[in-house]
Amino acid sequence: MRLLALAVTTLALLASPSHAAETRSFEDIAAKARGQTVDWNAWAGDPQTNAFITWVGAEVERRYGVKVNHVKLTDTAEAVTRVVAERAAGRNEGGGVDLIWINGPNFLAMKSQGLLYGPVTQALPNFRFVDTERRPSSIVDFTVPVEGYAVPWRVAQIVYVYDSARTDPKTLPRSIPAMLEWAKANPGRLTHPNGRNFLGATFLKQALYELAPDPSMLQKPATDGAFGLATAQLWTWYNVLRPYLWREGRSFPETGPAQRQLLADGEIDFAVSFDPAEAAVSINSGLLPDTARVMTLEKGTIGNTSFVAIPYNAADREGAMVVANFLLEPATQARAQDPKQMGSFTVLDLDKLSPDERRLFDHPPEAKGLPTNAELGNSLPEPHPSWMTRITEEWERLMNR
Amino acid sequence: MWLRLAPALTLALLLGPIGLGFAWTVLPAFGHMPSIGAVGPTLDPWRTLFVTSGFIDTLRVTVTAGLTATCLSLVLAAGFCAIAAGSRTFSRLSRLVAPLLATPHSAIALGFAFLVLPSGWIVRAISPELTGWTRPPVGLVTIGDTAGLSLVGGLLLKEVPYLVLMIIGASAQVPVAATLAVSRALGHRGLSAWVKAVLPQIYPQIRLPLYAVLAFSLSVVDVAIILGPSQPPPLGVLATRWFSDYDLSRYPPAAAAAVLQLIVVIAAIGLWRVAEIPIAALGRSWAEGGSRGFASALLIRLAGIAALLAGGLGLAAILGMVVWSLALVWRFPDAWPSALGLATWQAQAGIVAPALANTIIIGAAATVLAILLVLACLENEVRRGRRPGGAALWLLFLPLLAPQIAFLFGVQVTLVRVGLDGTLFAVIWSHLVFVLPYVFLSLADPFRALDPRLPATAAALGADPIRVFVTIKLPLLLRPLLIAAAVGFAVSVGQYLATLFPGAGRISTLTTDAVTLASGADRRIIGVYAALQAALPLLAYVAALGAPAFLYRHRRALRP
Amino acid sequence: MKQPAALNLNEVTIRLRGTGAALVENLELSISPGTVTTLMGPSGSGKSTLLAFCAGFLDRSAFAASGAVCIGEDRIDGLPAERRRLGLLFQDALLFPHLSVGSNLLFGLPRSAARSRFERRQIIEDALAQAGLAGYADRDPDTLSGGQRARVALLRTLLAEPRALLLDEPFSKLDAALRAEIRTFLFEHVRARSLPTLLVTHDAADAEAAGGALVTS
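Chains A, Y and D, in that order, are what the protein sequence lines are. Quick note on numbering: our numbering labels position 225 of the first sequence as 1285, and the sequence is numbered without any gaps. Quick note on numbering: our numbering labels position 408 of the second sequence as 440, and the sequence is numbered without any gaps. Quick note on numbering: our numbering labels position 129 of the third sequence as 132, and the sequence is numbered without any gaps.
Just chain A, with the same shape it has in the complex:
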């Protein structure tokens, strides 16, 4: 099987279509884009994001004559599969996937197999506003240099959502060992999404950050030796924790939102999330009570950036670039940050904006449940994607034992 995988990967590399950086001007691109329909493959488990994508579609149609079709995914891997299947069938032009919301292992897989179109960021006028200095995750995704093959559009950082009416903020477990003690005292009220889900793996990754002997080793690819060494503590911790998890750690919510539903139903007390505005957004939509809040860990939590990328064979790549550029517009980013809309923190460097544009972002995070930058604490860099893949594999092995 390994051999087959290797053979396929080699073949994929050999068959990689030649790449050329996008050299056209944005005006030319926008002119070509008019009339195109962009099949934007995006994970659809979050209604706010779905609504935001719908709004984006209406705006780019109005302004650029580009339509957006939101292809709703349960897992981003589905879109990758589609591109792979298209190449397997020899369709190197006119592919059905135009834009993918992507990061992490999916991005690595596509980039390393030459399945992405680009580099494109230099062709997008709004890319100059992106914060590339203070937030390196906008050009380095999970230690993989993006090199212009993907366009950042929203940032994420791990938080834990809880209900302050149910859990006293003073008793919050603000470190990984404290979380174990809390679970022992409150059996059945803690869980995490399924380890195959990126958020579930993220829960474990965050724990690894605190439990690894040396977190810097996480920035390099996970070899057999390094993985064993770095994760020994993690699995010890997890094996003790597991019987105190929801359903005694025998089953897990499939996704983040499923986990949030459990929090809303009162089955659990903490829900890990990658969205700092999760509590605020959920309060706004009536999903969680007004007393919902987010907590981070004392030593900081992992943060990353979400991208959109264009497959190498996308039929409507010009339209896709127009959409990507539109996503980086200050007004679009400001709307995205509004907890009433999507509550997603911006990828832009506000210092690079005009005062008027900056003011768009001002509008008051007096909204309930929104953390301040100070409360959010340190943003830790993502480990190399191989860690996540291996954590998932190891977790599945643990489950099937």
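In short, the hints are calculated from the structure, not lab data. Honestly, I wouldn't trust all of these hints.
SDA-like, lysine to any residue: derived pairs with alpha carbons at most 25 Å apart [said to hold, decoys possible]:
#1 A:Lys-1400 x A:Arg-1418
#2 A:Lys-1428 x Y:Ala-589
#3 A:Lys-1400 x A:Gly-1346
#4 A:Lys-1230 x Y:Val-170
#5 A:Lys-1359 x A:Asp-1274
#6 A:Lys-1171 x Y:Asp-279
#7 D:Lys-176 x D:Ala-130
#8 A:Lys-1127 x Y:Thr-455
#9 A:Lys-1244 x Y:Leu-303
#10 A:Lys-1127 x Y:Ala-381
#11 A:Lys-1280 x A:Glu-1454
#12 A:Lys-1400 x Y:Arg-587
#13 A:Lys-1244 x Y:Thr-174
#14 D:Lys-176 x Y:Ala-589
#15 A:Lys-1359 x A:Thr-1227
#16 A:Lys-1280 x Y:Thr-174
#17 A:Lys-1127 x A:Glu-1082
#18 A:Lys-1428 x A:Ser-1345
#19 A:Lys-1171 x A:Thr-1449
#20 A:Lys-1244 x A:Asp-1223
#21 D:Lys-176 x Y:Ala-481
#22 D:Lys-176 x Y:Asp-279
#23 A:Lys-1244 x A:Ala-1225
#24 A:Lys-1400 x A:Gly-1117
#25 D:Lys-176 x Y:Arg-587
#26 A:Lys-1428 x A:Thr-1227
#27 A:Lys-1171 x A:Ser-1446
#28 A:Lys-1127 x Y:Leu-452
#29 A:Lys-1359 x A:Glu-1193
#30 A:Lys-1092 x Y:Gly-451
#31 A:Lys-1092 x Y:Thr-455
Computed footprint of chain Y on chain A, listed as stretches where at least three residues anywhere in the stretch have a Cβ under 8 Å from a Cβ of chain Y [claimed, not checked]:
#32 1107 to 1120
#33 1133 to 1143
#34 1248 to 1254
#35 1301 to 1311
#36 1318 to 1329
#37 1339 to 1347
Just so it is clear, the structure is predicted and the values come from calculations on it, not from any experiment. Built from N, CA and C at the ideal position, the CB exists for glycine as well.
Position chains Y and D against the provided structure of chain A, taking the given hints into account.
Showing chains Y and D alone in chain A's frame:
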């Protein structure tokens, strides 16, 4: 004449995708898929499949849940029909099967999940008054249990009503009342007499639908995603999961899993067929034993009541989703939302519209095509005076017996090759494959039952065959025609894999969106999708019953 | 109107496919215009099968038939049913239940008889009035009595301008009083229009009332 080609064309449209799709599933299963650089034959995909951790559990839960669901469905449905044969209340209740049959599996499964969760409606209804619970109980596993019990429960809600309908349909061809009267005169209790004397007459007629239920229970994907265990999952879910993996090397073992799924279904049907023989013998010796059936009557009554319970849960599942779609805030342990409103509907209206439109277009197109083909086949059959044999019926049932996963991936590969993947055309065709058998089954009997002297009289009055068909047969068959259309439409609305694969995920319907959302979206929004999923086919049924009733309000002989 | 002609059956043989048993063998019949020939025999003796053969509805998968059916000089057994112009009546009236009484009659009325809507309507109104059913055109056939239905069925057949009549036990479902009335009504029309008529029955009284030749099978 073109009409003569109808049966061949129909079978080609039906079997073409299945055959081609199956071929493109079997080849990768033996490591042959040149497009990804794999050249077989090799058994590696099977080795990979067999050594996958949890594979044994996957196989176990697939087989046990499938067989249990089918056995229980049959027992419950038979129990219900036994009681209904002698009870007017029960036979009236059997009309409630319509909404249950019309609602797609996934919608019922979503509603069922909410009913039985530890934080679900049932617990909410009795908490905290009876239970003292102000928070959902810890350690109660009701959905996604590793034994697959919740999967069985969810399947029962749809399969019991389906089999009840099949048994009632088959009863029309058996002298039920006379058989019961004779048995009772001989001193048997009505209930056990039904099982001893009526069921054996009905069973051969429901055999194919029953096998379809068995095949479905063993290979279902959407319901299993919602209710089944996820780690390890049933075989169909495992195959679907691997097929959707970005890692190319997962394709061959996924194809192997799909082929194994087919083998499991064939083996189970074979096993069932063989098991019928000793069970029939046991039944005969029981009937000949002369017992007057006191204990058996009790068991039958229990089965019938369990069937009622399943029906009630099914209706409550639909209702629960409707209530959720109207709920603004509904927190545990409230038995009813603390605030109701249309906000979710308003917010979702624009978002759900494209999926709704797709669902209607695909369903209508597939249904119209199916009706046209079936009518052409039936008219040809009448004109040529030749009925299709048993083999043709099996072929027609093939789409319902073969697990979808075993050929839909191959269909997608074929579609990509010819550049038709992700088109409405492809999705409509793939829906047609599943819609057509149901349309044929529901239209064939009324069409054949039409008094042949009516068209003969019309012809003697000078009407040519086309005029007879259009002005006599179609109007007289309006009601069964519309009901067949409603059945076909409902089948189309419920399709999950048959939309996902040929649509390449680019064409979304209410059902694909609902299953996507089931992985954890806001329950109020899931409620909107599930309510629409239930409402569309139901509206089709209402129209199918209402239109002829209105059009023929002055025609007494045509009133139901 | 064309000249009335006789209905002739020459060497008609009908066999069951499979066993090869003959239901009808070398049957020769000649029915003059305005007369009724009665075919009598127990049920299952192939009487209705013979009518189906004449009218063009024989189930060819179950029966093999040979011989000729002619009206006058016209051989009709090769024609499709709708072009044979034979009036066919069964024991049930078989009015089309989705059409009104008037529409049932209009269904059989040839375009050659009348083209305009008004004329066509007039013809059926007159026919109904003559049959004692004035004003029944818009009625639901299901609301008619058995006798009324039988009369409408006959009117419908006659309005289609048949060249001969085939009657398959048309009175067997009527009660005794009604039977006499409908018989008279029918045979009057047969004579008035000079139609050669073949009647199939197992009731001797029918044969007697018909007054023509009697063939037993």
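Status of each hint after checking the structure:
1. Taken as a hint, the A:Lys-1400 and A:Arg-1418 pair is honoured in the structure, with Cα atoms around 19 Å apart against an allowance of 25 Å.
2. In summary, the hint linking A:Lys-1428 to Y:Ala-589 is not supported, as the alpha carbons are separated by about 67 Å, beyond the 25 Å threshold.
3. Distance restraint check for A:Lys-1400 and A:Gly-1346: the Cα-Cα separation of roughly 11 Å lies within the 25 Å cut-off, and the hinted pair is therefore satisfied.
4. Only pairs whose Cα atoms come within 25 Å are accepted, and A:Lys-1230 paired with Y:Val-170 is accepted, the gap being roughly 24 Å.
5. Among the hinted pairs, A:Lys-1359 with A:Asp-1274 is consistent with the structure: their alpha-carbon atoms are about 14 Å apart, no more than 25 Å.
6. A hinted pair counts as satisfied when its Cα atoms are at most 25 Å apart, and A:Lys-1171 with Y:Asp-279 qualifies at roughly 13 Å.
7. Restraint check for D:Lys-176 and D:Ala-130: the C-alpha separation of about 24 Å stays at or below 25 Å, so the hint holds.
8. At most 25 Å may separate the alpha-carbon atoms for a hinted pair to count; A:Lys-1127 and Y:Thr-455 meet this at roughly 17 Å.
9. Restraint check: the Cα-Cα separation between A:Lys-1244 and Y:Leu-303 comes to about 49 Å, which exceeds 25 Å; the hinted pair is violated.
10. For a cut-off of 25 Å, the pair hint linking A:Lys-1127 to Y:Ala-381 stands: about 19 Å separates their Cα positions.
11. Our distance criterion of 25 Å between C-alpha atoms is met by A:Lys-1280 and A:Glu-1454, whose separation comes to about 18 Å.
12. Taking the CA atoms of A:Lys-1400 and Y:Arg-587, the gap is about 58 Å. The hint is violated against a cut of 25 Å.
13. Distance check on the hinted pair: A:Lys-1244 and Y:Thr-174 sit about 23 Å apart at the alpha-carbon level, within 25 Å; holds.
14. Our distance criterion of 25 Å between C-alpha atoms is met by D:Lys-176 and Y:Ala-589, whose separation comes to about 18 Å.
15. Restraint check: the Cα-Cα separation between A:Lys-1359 and A:Thr-1227 comes to about 21 Å, which is no more than 25 Å; the hinted pair holds.
16. For the hint linking A:Lys-1280 to Y:Thr-174, the alpha-carbon distance of about 42 Å lies beyond 25 Å, and the restraint is violated.
17. Taken as a hint, the A:Lys-1127 and A:Glu-1082 pair is honoured in the structure, with Cα atoms around 21 Å apart against an allowance of 25 Å.
18. Of the pairs offered as hints, the one joining A:Lys-1428 and A:Ser-1345 holds, with about 12 Å between alpha carbons and a cut-off of 25 Å not exceeded.
19. Among the hinted pairs, A:Lys-1171 with A:Thr-1449 is consistent with the structure: their alpha-carbon atoms are about 16 Å apart, no more than 25 Å.
20. Between A:Lys-1244 and A:Asp-1223, the direct Cα distance comes to roughly 19 Å. Compliance with the 25 Å bound is thereby established for this hinted pair.
21. At most 25 Å may separate the alpha-carbon atoms for a hinted pair to count; D:Lys-176 and Y:Ala-481 meet this at roughly 21 Å.
22. About 76 Å separates the Cα atoms of D:Lys-176 and Y:Asp-279, which puts this hinted pair outside 25 Å; it is violated.
23. Note on A:Lys-1244 and A:Ala-1225: the hinted pairing holds, with a Cα-Cα distance of about 20 Å set against a maximum of 25 Å.
24. A hinted pair counts as satisfied when its Cα atoms are at most 25 Å apart, and A:Lys-1400 with A:Gly-1117 qualifies at roughly 18 Å.
25. A hinted pair counts as satisfied when its Cα atoms are at most 25 Å apart, and D:Lys-176 with Y:Arg-587 qualifies at roughly 22 Å.
26. Restraint check for A:Lys-1428 and A:Thr-1227: satisfied, since their Cα atoms lie roughly 17 Å apart, inside the 25 Å limit.
27. Distance hint between A:Lys-1171 and A:Ser-1446 is fulfilled; the C-alpha atoms sit about 14 Å from each other, no more than 25 Å.
28. Between A:Lys-1127 and Y:Leu-452, the direct Cα distance comes to roughly 21 Å. Compliance with the 25 Å bound is thereby established for this hinted pair.
29. For the given pair, A:Lys-1359 sits about 22 Å from A:Glu-1193 by alpha-carbon distance, which is consistent with the 25 Å threshold.
30. Restraint check for A:Lys-1092 and Y:Gly-451: the C-alpha separation of about 23 Å stays at or below 25 Å, so the hint holds.
31. The straight-line distance between the Cα atoms of A:Lys-1092 and Y:Thr-455 is roughly 24 Å, inside the 25 Å bound, and the hint therefore holds.
32. With 4 residues carrying a beta carbon less than 8 Å from a beta carbon of chain Y, the region 1107 to 1120 of chain A meets the three-residue requirement, and the given coverage holds.
33. Only residues whose beta carbon comes within less than 8 Å of a beta carbon in chain Y count, and the region 1133 to 1143 of chain A has 9; three or more means the coverage holds.
34. Counting residues of the region 1248 to 1254 of chain A whose C-beta sits closer than 8 Å to any C-beta of chain Y gives 3, which meets the bar of three, so the coverage hint holds.
35. Closer than 8 Å: that is the beta-carbon criterion, and the region 1301 to 1311 of chain A has 5 residues meeting it against chain Y, so the requirement of 3 holds.
36. Check result for the region 1318 to 1329 of chain A against chain Y: holds, 9 residues qualifying (beta carbon to beta carbon below 8 Å, three or more required).
37. For the region 1339 to 1347 of chain A, the stated coverage by chain Y holds: 3 residues have a C-beta nearer than 8 Å to a C-beta of that chain, and at least 3 were required.
The structure shown violates the earlier hints numbered 2, 9, 12, 16 and 22.
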